[in-house]
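S.K.: Just so it is clear: in the sequence shown, position 39 is 38 by numbering that gives the first Met the number 0, and no numbers are missing.
Don't read these hints as lab results, they were simulated from the structure.
Take the hints with a grain of salt, since some may be wrong.
Heads up, simulated DSSO-like pairs for lysine-lysine below, C-alpha to C-alpha not over 27 Å straight-line [as the list claims (entries may be wrong)]:
1) Lys215 to Lys187
2) Lys105 to Lys238
3) Lys187 to Lys66
4) Lys187 to Lys105
5) Lys105 to Lys62
6) Lys187 to Lys130
7) Lys238 to Lys187
8) Lys215 to Lys130
9) Lys130 to Lys66
10) Lys130 to Lys62
11) Lys187 to Lys62
12) Lys215 to Lys105
13) Lys105 to Lys130
14) Lys66 to Lys215
15) Lys130 to Lys238
Between beta-carbon pairs, the in silico distance windows are [what the hints assert, rightly or not]:
16) Leu58 to Val274: 34 to 40 Å
17) Asn207 to Pro125: 25 to 31 Å
18) Arg253 to Lys62: 43 to 49 Å
19) Val172 to Ala86: 21 to 27 Å
20) His108 to Gly153: 32 to 38 Å
21) Ile54 to Ser294: 43 to 49 Å
22) Asn207 to Pro55: 24 to 30 Å
23) Lys130 to Arg253: 48 to 54 Å
24) Gly199 to Gly249: 55 to 61 Å
Here a beta-carbon is modelled for each residue, glycine too, at the ideal position from N, C-alpha and C.
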Amino acid sequence: MPASGLLALLDDIASIADDVATLSMAAAKKTSGIVTDDMAVTAEQAIGIRREREIPVVLAVAKGSFKNKALILAPAALALNAVAPWAITPLLMLGGSYLAYEGVEKVLHAAQAGREDADEQVMPDPETFEKGRIAGAIRTDLILSAEIIAISLGEVAAAPFLSQVIALYLISVIMTVGVYGIVGVLVKLDDMGEYLFRFGGRRAWLGNILIVGTPKLLHAISVIGTVAMLMVGGHIVLKGITPAYHAVEGLLSRLPFHWLFGSIADVLAGALVGVVVVAGVTAWKRIRAMQQARSWAR
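Modelling step: build the complete structure from the supplied sequences, incorporating the hints.
M.R.: Next comes the structure, spelled out in structure tokens:
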């Protein structure tokens, strides 16, 4: 290759790399809120797993998360943006409704479990429980990752196609490693505490804080994860209904701490959507059960 051609190629590569870095940073800033929610929801899914299986479970979910982004969401987002950009918002709203449904289901399940006697509850075997948690975490991650990819796509939509592709996949890697790296640390805090406790002195004091505080932290994360599901789901659905979204935004912008009231509005919207979906699913199950009972009676 002539020297001039090589220099031109290197210049193009440098230009693309600069564009990708700028686009990725902009997308990362825009998605920071949803990533925080993703981390809380993911950590909540890891609670209750056997100690020796915590890291393998986190790695399994991280692998599923990256597959979601790399093999499904990024290609689908690029294709939809090119062929049918109008379809992105309805699909996101569908995913947001599912998140809201999951959040309300968790609240109802917790309320029901609180009324039941602990001895009467039948716990599944650890392997079945683990597989269920992994599958549930990957399903939930699919919705949260879709929102991340959609926001990122909005930041890179005007860039050349190659820059869009590289930026989306770079964001996918950064977000997956960041979120699941932090989750991996969170679920092993108690083990770190036990390790430090063996040394005595100040390290033992710090270790004791980790041992005592980790269960409380994980319980708080469980609550935050459920609220995050409602908040993200409500925000996605509300934003998809443009007139309602602008009306709420206009009203809240006049208030002090409007960001806080905005989050509360998202949670309330998510709770409303979740209750409607739960009611619909429950009614559908009852109708199906009645139809099956009638068919058996014949």
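S.K.: All hints are to be evaluated individually against the structure, with a verdict given for each.
M.R.: Verification of the hints:
1. Lys215 to Lys187: holds (14 Å)
2. Lys105 to Lys238: holds (24 Å)
3. Lys187 to Lys66: holds (25 Å)
4. Lys187 to Lys105: Since the Cα atoms of Lys187 and Lys105 sit roughly 24 Å apart, the hinted pair holds (cutoff 27 Å).
5. Lys105 to Lys62: holds (25 Å)
6. Lys187 to Lys130: OK: Lys187 and Lys130 at ~20 Å, within 27 Å.
7. Lys238 to Lys187: violated (37 Å)
8. Lys215 to Lys130: holds (25 Å)
9. Lys130 to Lys66: holds (17 Å)
10. Lys130 to Lys62: holds (14 Å)
11. Lys187 to Lys62: It holds: about 19 Å lies between the C-alpha atoms, which stays within 27 Å.
12. Lys215 to Lys105: Within the cut-off at roughly 19 Å; holds.
13. Lys105 to Lys130: Holds, at roughly 18 Å.
14. Lys66 to Lys215: Given pair Lys66, Lys215 is violated - Cα atoms ~32 Å apart, limit 27 Å.
15. Lys130 to Lys238: violated (33 Å)
16. Leu58 to Val274: 34 to 40 Å: Hint holds: Cβ distance 35 Å, inside 34 to 40 Å.
17. Asn207 to Pro125: 25 to 31 Å: holds (28 Å)
18. Arg253 to Lys62: 43 to 49 Å: holds (46 Å)
19. Val172 to Ala86: 21 to 27 Å: Holds - the Cβ-Cβ distance for Val172 and Ala86, about 26 Å, lies within 21 to 27 Å.
20. His108 to Gly153: 32 to 38 Å: holds (35 Å)
21. Ile54 to Ser294: 43 to 49 Å: Hint holds: Cβ distance 48 Å, inside 43 to 49 Å.
22. Asn207 to Pro55: 24 to 30 Å: Hint holds: Cβ distance 27 Å, inside 24 to 30 Å.
23. Lys130 to Arg253: 48 to 54 Å: holds (49 Å)
24. Gly199 to Gly249: 55 to 61 Å: Since the Cβ atoms of Gly199 and Gly249 sit about 60 Å apart, the hinted range of 55 to 61 Å holds.
Going through the hint list in order, the structure does not satisfy hints 7, 14, 15.
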